[in-house]
Amino acid sequence: MMTRFINDMKKYFSYAKYSAKSDLKSEVASSYLNWLWWVLDPLLFMMVYTFIAVIVFRSKIEYFPVFVFIGLTLWNFFNKNVQGSVKMVRQNSSIVSKVYIPKYILILQKMLENGFKMLISFGLVGIMMVLYRVPVTWRIIYVLPILVVLVLLTFGLSCIVLHFGVFVDDLHNVMMVILRMLFYLSGIFYSIGDRLEEPFRSLLLYCNPMSMLIECTRNCMLYCTLPYRKMLAVWGLISFILCTIGIRLIYSYENSYVKVM
Amino acid sequence: MEDNKIALDVKDLRIRYKCLNMFSIRRSFFTFKKANEIVFEAVRGVSFSVKKGEILGIVGKNGSGKSTMLRALAGIFSADEGSIDLHGNSVSLLSIGVGFQRELTGRENIVLSGMLLGFSEEQVRAKMDEIIAFAELGEFIDMPVRTYSSGMHSKLAFSITAILESDIMLIDEVLSVGDSKFKKKSYNKMKELISDNNRTVVIVSHVSETLQELCTRVMWLHDGEIRMIGTPEQVLPLYEDFMS
Chain A
1 MMTRFINDMK KYFSYAKYSA KSDLKSEVAS SYLNWLWWVL DPLLFMMVYT FIAVIVFRSK
61 IEYFPVFVFI GLTLWNFFNK NVQGSVKMVR QNSSIVSKVY IPKYILILQK MLENGFKMLI
121 SFGLVGIMMV LYRVPVTWRI IYVLPILVVL VLLTFGLSCI VLHFGVFVDD LHNVMMVILR
181 MLFYLSGIFY SIGDRLEEPF RSLLLYCNPM SMLIECTRNC MLYCTLPYRK MLAVWGLISF
241 ILCTIGIRLI YSYENSYVKV M
Chain B
1 MEDNKIALDV KDLRIRYKCL NMFSIRRSFF TFKKANEIVF EAVRGVSFSV KKGEILGIVG
61 KNGSGKSTML RALAGIFSAD EGSIDLHGNS VSLLSIGVGF QRELTGRENI VLSGMLLGFS
121 EEQVRAKMDE IIAFAELGEF IDMPVRTYSS GMHSKLAFSI TAILESDIML IDEVLSVGDS
181 KFKKKSYNKM KELISDNNRT VVIVSHVSET LQELCTRVMW LHDGEIRMIG TPEQVLPLYE
241 DFMS
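Sequences listed follow chains A and B, in order. According to our numbering, the first sequence holds residues 1 to 261 in order. According to our numbering, the second sequence holds residues 1 to 244 in order.
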């Protein structure tokens, strides 16, 4: 399976890249303001959450807007990809029913698109860090392994969700609820470490990969501390296993996807 | 023809559709009996082989498994039983409306479709002008595909697969594309493609005259089984009789 995956990746990666590029381009072309939305969307949500947290709940977190922005950046990438993969096969039925394509390439294409938007978002984080005069140390390097784990996790889960999304009619609704719950449990606009008591603190921080990844990113970008390296390694391993399961699922069932539609 | 190499081997092919209602979490709460699974076999034990350079026509009434078989040959379906051996040839399914991304321009869709057919971006770009010229879309080529009329849509689809040549071409009722002028042109292009001795073609059509003229062999499928296979002169009159 591994060799097949590598061969297929070689063969179809350029397709995914081109497709993602032209999708982004057409998004810009259809309206001049569209690319502005890539920036405005997280920016406006950041303002909403900052308002609620600072004014309503009197949160005293240092660099709060940046804090929220990092959370939203990672979350949006994860959320958009996982939610999008539920109906991925049905949405691309015109391709899927005409030509063979490994179905995870569709996920990869969306991930490249959303990844590009995430990079823009990270650019904004950088600008905000300068504006807030956040001190930076070499520990910021840890963002890279964190992003690798995030990408693996997202890809693995998306593959699994894509597979079940073909056969389960209302998975869309279920995923929406699950993801919304996960959103509130990921500490995007509050700090799990400060707000919660044990055992919930460790439970949320270590068993929810998103809150772990977000917390790690904040630690190394904003507060000059080290990320939870052990947990990062553990979740990296789990994500890798999820990817294997997802790819295996898709390979063994993808030929029957067309028949269900 | 000097080389009698076999390009395509189909052995005892069976394809089933499971008419299973899609599982729904909501429904499974309210119904207790298990949904009974209806299995419909669209292709029932078909075996044949096509030699390199041969043009095989497939006829049969609606629902006799023609399109299902073409899709299986193109690798979109896997066989439930039996095997399909392409002997390493590249294959493309030419049918009305290849998968286009509606928001992208025709030009981008040409590249994407080509890449899906297994060509590299450079290879497609090299043939780009030829495809655009053949499709006769004018300035629409730089407009999103969603703005195309259905005729333009199929003209573009046809041009892509006709000009990006693969070893085995599977054609599904595509001879009736566009207006009468383009129809004539695509028909001629088709003949030109077909006359290439290296290309193997499988055509599904309802039009006996086309098959009579183009094919070297005709297969008559009936309810997923081969009713007859032979030269067009043998098969087509009987088929016509049966249909009328």
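Source of the hints: derived by calculation from the structure; they are not laboratory data. This one's a predicted model, so the numbers in the text were calculated from it and none came from an experiment. Please note: incorrect hints may appear among the correct ones.
What the hints assert, rightly or not - FRET-style restraints, in silico, Cβ to Cβ:
{"hint": "1", "chain 1": "A", "residue 1": "Asp8", "chain 2": "B", "residue 2": "Arg125", "range": "53 to 61 Å"}
{"hint": "2", "chain 1": "A", "residue 1": "Asp41", "chain 2": "B", "residue 2": "Ile6", "range": "50 to 58 Å"}
{"hint": "3", "chain 1": "B", "residue 1": "Asn188", "chain 2": "A", "residue 2": "Arg180", "range": "46 to 54 Å"}
{"hint": "4", "chain 1": "B", "residue 1": "Glu121", "chain 2": "A", "residue 2": "Asn173", "range": "50 to 58 Å"}
{"hint": "5", "chain 1": "A", "residue 1": "Ile238", "chain 2": "B", "residue 2": "Ser120", "range": "53 to 61 Å"}
Unchecked claim - Below are the BS3-like pairs computed for lysine-lysine, each with C-alpha atoms no more than 30 Å apart in a straight line:
{"hint": "6", "chain 1": "A", "residue 1": "Lys21", "chain 2": "B", "residue 2": "Lys127"}
{"hint": "7", "chain 1": "A", "residue 1": "Lys11", "chain 2": "B", "residue 2": "Lys185"}
{"hint": "8", "chain 1": "A", "residue 1": "Lys10", "chain 2": "B", "residue 2": "Lys127"}
{"hint": "9", "chain 1": "A", "residue 1": "Lys10", "chain 2": "A", "residue 2": "Lys21"}
{"hint": "10", "chain 1": "A", "residue 1": "Lys11", "chain 2": "B", "residue 2": "Lys181"}
{"hint": "11", "chain 1": "B", "residue 1": "Lys52", "chain 2": "A", "residue 2": "Lys11"}
{"hint": "12", "chain 1": "B", "residue 1": "Lys11", "chain 2": "A", "residue 2": "Lys17"}
Glycine included, each C-beta is placed from N, C-alpha and C at the ideal position.
Going down the list of hints, with the structure as the test:
no., hint, result
1, A:Asp8 x B:Arg125: 53 to 61 Å, "violated (23 Å)"
2, A:Asp41 x B:Ile6: 50 to 58 Å, "holds (57 Å)"
3, B:Asn188 x A:Arg180: 46 to 54 Å, "violated (58 Å)"
4, B:Glu121 x A:Asn173: 50 to 58 Å, "violated (39 Å)"
5, A:Ile238 x B:Ser120: 53 to 61 Å, "violated (36 Å)"
6, A:Lys21 x B:Lys127, "holds (21 Å)"
7, A:Lys11 x B:Lys185, "violated (33 Å)"
8, A:Lys10 x B:Lys127, "holds (22 Å)"
9, A:Lys10 x A:Lys21, "holds (18 Å)"
10, A:Lys11 x B:Lys181, "violated (37 Å)"
11, B:Lys52 x A:Lys11, "holds (26 Å)"
12, B:Lys11 x A:Lys17, "violated (38 Å)"
Hint check: violations occur at hints 1, 3, 4, 5, 7, 10, 12; the rest are consistent with the structure.
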